[in-house]
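Asker: The lines below spell out each chain.
2 protein chains.
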Amino acid sequence: MASILEKSGFNPDKKLKIVGTNPVKHDGPDKVTGRAKFGADLMLPGMLFGKVLRSPHPHANIRSIDTSAAEKVPGVRAVVTRADFPELPFGTGPGDLSRNIMAREKALYDGHAVAAVAATSEAIAKKALKLIKVDYEVLPHVIDVRDAMKAGAPVLHPTLRTKGVEGAADKQTNVVERLVLAVGDIDKGFAEADVVIERTFDSQPMHQGYIEPQGCVANWTDDGQVDLWCTTQGTHVFRDRLGEILKMESAKIRVTQSEMGGGFGGKTGFYAEPLAVVLSKKARRPVKIVLTRSEVFRGTGPVSGTHYRVKMGCTKDGRITAADAELLFQTGAFTGSMYFNAPQAMFTRYALKNIRTVSYEVVSNRPKVNSFRAPCVPQIVFGVEQIINELAEKIGIDPIDIRLKNAMKQGDTTIYGQTFGPIGFVETLEASKKCDHYRSPVPKGQGRGVAAGFWFNRGGDTTGSLTVTPDGSVTLMLGTSDVAGSRLSISMMAAEELGVPLDKVRAILADTSSIGNNRVTAGSRTTFSSGMVIIDSARKVIKELCRRAAIIWKVPEDGVVFEDGFCKPASSNVGEFAPLSIAEIAAKTSVSHGAISGHSEMNVTGEGPGFGLHIVDVEVDKETGRVDIKRYTVIEDAGKAIHPLQVEGQYQGGAIQGVGWALNEEYVYGADGRLQNPGFLDYRMPVASDVPMVDTVIVEVPNPNHPYGLRGVGEVPVVPTMAAIANAIHAAAGIWPDSLPMSPPKVLDWIEAAQKR
Amino acid sequence: MASILEKSGFNPDKKLKIVGTNPVKHDGPDKVTGRAKFGADLMLPGMLFGKVLRSPHPHANIRSIDTSAAEKVPGVRAVVTRADFPELPFGTGPGDLSRNIMAREKALYDGHAVAAVAATSEAIAKKALKLIKVDYEVLPHVIDVRDAMKAGAPVLHPTLRTKGVEGAADKQTNVVERLVLAVGDIDKGFAEADVVIERTFDSQPMHQGYIEPQGCVANWTDDGQVDLWCTTQGTHVFRDRLGEILKMESAKIRVTQSEMGGGFGGKTGFYAEPLAVVLSKKARRPVKIVLTRSEVFRGTGPVSGTHYRVKMGCTKDGRITAADAELLFQTGAFTGSMYFNAPQAMFTRYALKNIRTVSYEVVSNRPKVNSFRAPCVPQIVFGVEQIINELAEKIGIDPIDIRLKNAMKQGDTTIYGQTFGPIGFVETLEASKKCDHYRSPVPKGQGRGVAAGFWFNRGGDTTGSLTVTPDGSVTLMLGTSDVAGSRLSISMMAAEELGVPLDKVRAILADTSSIGNNRVTAGSRTTFSSGMVIIDSARKVIKELCRRAAIIWKVPEDGVVFEDGFCKPASSNVGEFAPLSIAEIAAKTSVSHGAISGHSEMNVTGEGPGFGLHIVDVEVDKETGRVDIKRYTVIEDAGKAIHPLQVEGQYQGGAIQGVGWALNEEYVYGADGRLQNPGFLDYRMPVASDVPMVDTVIVEVPNPNHPYGLRGVGEVPVVPTMAAIANAIHAAAGIWPDSLPMSPPKVLDWIEAAQKR
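As given, the protein sequences belong to chains A and B, one line each in that order.
Counting in numbering that gives the first Met the number 0, the first sequence runs from 0 upward without gaps.
Counting in numbering that gives the first Met the number 0, the second sequence runs from 0 upward without gaps.
Heads up, a few of these hints could be off.
Pairs count within a copy or across copies, as identical chains cannot be separated in the list.
[Stated by the list, open to error] Subject to a maximum C-alpha distance of 27 Å in a straight line, what follows is the list of computed DSS-like cross-link-like pairs (lysine-lysine):
hint : residue 1 : residue 2
1    : Lys629    : Lys433
2    : Lys745    : Lys310
3    : Lys587    : Lys246
4    : Lys432    : Lys315
5    : Lys587    : Lys6
6    : Lys567    : Lys280
7    : Lys246    : Lys24
8    : Lys6      : Lys553
9    : Lys280    : Lys36
10   : Lys542    : Lys6
11   : Lys280    : Lys30
12   : Lys542    : Lys629
13   : Lys24     : Lys281
14   : Lys281    : Lys30
15   : Lys24     : Lys280
16   : Lys36     : Lys542
17   : Lys30     : Lys246
Please keep in mind that the hints were generated in silico from the structure rather than gathered at the bench.
Whole structure, please, built from the sequences with the hints as guidance.
Answerer: Below you can see the structure in the form of structure tokens.
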């Protein structure tokens, strides 16, 4: 339906009462006290417990599956395999998705689901799993992205053909696509350069590391309708994809989201949820599945591992003249890495005339990758921002100055064709130079690094409703998942629009049957987009309130204006009327004229790009290779911080997740192609003692396409981290790291190699 | 928000594809197989079980309550009493409601809640109840409505004063209100009469007899928000009343309805639900309360018992010249009987010029009454329709003919001031005369009775949404409770409007935070009103679909028309375009232009009054007084039967509930003021073997204010039943019953008395 938000109505001079303050989250106390309901917390009468059998082989044909012994175990109510899913063609979205959640022709990675059992207890289900006989024909496997591209490598999908390459139609391959994105003439650009640096880098998969493992309850009713309760970043996407792989209509599926114990992109897609649904169909009972941590590591999607080469050149005075990159992305067993973000974003923050990027997405015998904050960008920026620093070092200018010299500004056009409106990269760099951290001397024995990052921020299809109850309090219905406090920040915007205290506003997260489609909560889109539809809804409600005040006063509708929570006569000509509060209008007209609600369905556009700079001081233990983060500051443009503490939380959380990625986190595979560290003991995430307090500077260069100037702050804070730490390591230890994670053994190797030089 | 349904667009010539057929209910299979989730079926982690302590005294001051021993029982997490509820003034809606769900100054009836316990098991909670010491000062009580009106009767509420009576301000009383409703001049009317009959009648309270006892789970979160899952006929009313008695804002309360195992008016108000909420607050855990059948009888609201006098006169040729009535309604311990329906409806179906009614609502030491189909009307029609038959008998004309002679028609004005549009009473009477049952001879040994009934049918504030998913299937969100199949009939209207198969449409029942306010599902309003907002929503969606087709075709918006599920060019001038289905438009534009939804908030008006006639044949066993129903036919105007089988179900169900009320059901109190039959063994409801198949004739005189002509069919079918059976008993046994229920002992007494005359 048409929005009334044709122009955002952004007014930088408006005095704000609620937006920009730091109230306590409505949903916070229950999370702190353990009373919030997460994916594993729903129980239904007659509910069964589901467990998943997973392939121990990284690559194997599945000749047959015999479930008969498992089915005979007392308490087992259903066993499902590939035979219980509709056959869909490989190479299509639903066909690949279906194969990833339940192996069909082949098991393609260690941990790939091959069967599932629902029983009256978890113990019985586990026992039954052991009785399922899978006849595997084990095949040679390939883990590394470069190995997977080699001639003669084991081929995962016999019918896969490379897109974007001429003559690929008859060649078996593991390369999904070759993508060239370029602008200008790099040869000409490099010819203009006084200094050219070219290096290669690699990175390992890391996991989003959400605390809450996937948990769900599915109930396939006797009329063929499905209720699914789960932890998800996108109920509608879960619903529509489920409809596709089960060949059923979306309207028959209702997905309700639990509270979420972390997603970070990892809960944009589903894994065991469809298995619970199909088990429920077969067992005619509700089925709960909760993944173990080991299953989360083996069976869900981590970040793409990469191997890449970057070459950049600049003039003596610091103008970057050209950039060239070749990027290999390991996408796991199926396409879907969003690798295309990398060539779009890797250089975007510098106004470069000559760029060439060639990117490859490659399958190998690993779990299909999934999103993580700024998907596929931070691991590439790791290389780019090191080279920027190295260039600065070579020509002898300050690393922030070289960035300022090349910084994109309003009016600059990106490699993907967007011409920027007002952006805050220059302001962010200037704030960085001025901040206490940068102005303080580097403590003895430490090194300081800086690096910058960019993220598009996103909009997209979004829906919401706002209803005034008869007592004048306000309910919001949001169609997006709340992964980090969006209920609160959106409630704040609603309260600001309506001129009511925040405590009168409460937001709920809708199920899929209650509201029109929303994109997943991802890409830093939710506070921006859901906020936009709620502001639109609020403005529709204000229009309706004025209409009702006009009815109460018996005056023309344009005789009423709305200000600070009250309908008032537009002028003294209209008549003498005491202002009417929202509560008064609701009390007088809710019954006689129906409920007061505003609704909005939009494809939200006008997102404001985000830029940040990180400053980090490290100490490198040259005997052990251990890197200690001593001080960390994030400077980033939020456009407008609706709830500054939550924005700070994003800045800090992003940086700290980046610290893990930078220093320790990686998937370790044995020669047998099995994951060797599927648990938090062996997969080393940072804990509180590993990181200092992260300082933040919130820059506010408003996005004029949003009524309050908001951009988005979820992704940028992880983009520069690994590069900033690498640059700091360089400063501290004189080495240029070329591989993630920069774990102690690697750091020792680099130091050793440098000493040999 | 403004509706586009300014005119209903009723078109009697429209060919209907779905409306008027009998598809299987979407929610049916799960109800049949036991998988549907009712009030008692939700479980939450850490949930406690609540039990209620109830007064054994019909009338007692509560001096004190000592809960200390109960609180010490291991496993008890909270005990609540009156002290845990805000004090609200008696004589206000919230004040009375609060006192009814938890006794404050006094216990006012046997079964009145005085305390509640939440514990880790039901057994522990029950044990704790026994340790609560209530210090009662037992007071004299009064049960009968006439006794309660006598001077010197025990007074329930010392501050109660009768409304509608001059000089009542300083008199203590049990009479809540005296209401006079009159038209014309009854003295003049009776003077014109050739025959006058005056009789007195009484009726006993009966219970709605829903199979599902009240069950709920309440969760008061640590931020002071409330989630309530319960079986209810009106989530929004539960929410707003809960807000009032707990002094909290509506937006902080979210009420979600379960499936409903029968309501019939009895689930329009709450009982244990607020106790569960307050227990949850105190225990900081979710709390479940499920009432026992005994608690349902003792502690929830039955139908009003009555005592009344009716006098009517007619001319020799059957013209009714005057009607006079005095009506006493027992409302239980608190006002709220809706007794005012009776004087409005008791004579409405006959075009009478002279009527006078005086009605009294009176408190006594019984549970506060609650709604039941056509609240307070059927028990009064019991007398009126006997007198009509007696008049017919006296002047020697057919009982349907006397009704035809006096029947209201379009243009007639009621005693409450409504001038009827098209109504179907004459058509109903004519169909009755023509039907096989009426034309068949009365079998030997049996008697036949007829009686007519009327109900207003209702509209009121109602909201709904309709969303087209990206695959073209359709979700509906309804804000009303589905007590009898409204999800299906409303889905049928949506499918008809959109021209899609019914199987593509699924409806859900919204919680209170997802949608604007709705009146309770009651008064035969839901299929009419929720249907109206969904049709309005569908038409908004159709407008949006046309707008999107115009965008796809790049033609002006008015160049597109919608027909049978497709957008088509309005004329050949617009261009040559293949029609676009809803699914095609959704697939092409859901993402680019946002979700496709229509929403509607209305105060629905234009309800069409309903009329019915019942024909019943009975056999009276003169030795035992037992009455056997041998044949039963319901003839009623539905306006339009959206789903004829469901309409038939309403006709049959209403008649059968009436059979119970007519022959057996009653509350039996001992001299101690305690209910003696709080269970299905002693409270005798009809079972399958007590009733024959009820035949039905659906008359369809469309209501032009509804797009499909629908009226409402929930209430009328119980209105004439008791009178029809009484008239049949008269025909079979020569007696005129004057008391409900017409149970064997009473029938024997009447036969004996008649034999003595």
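Asker: Mind listing which of the numbered hints don't hold for this structure, in increasing order?
Answerer: The structure conflicts with hints 6, 12 and 16, although it agrees with all the remaining ones.
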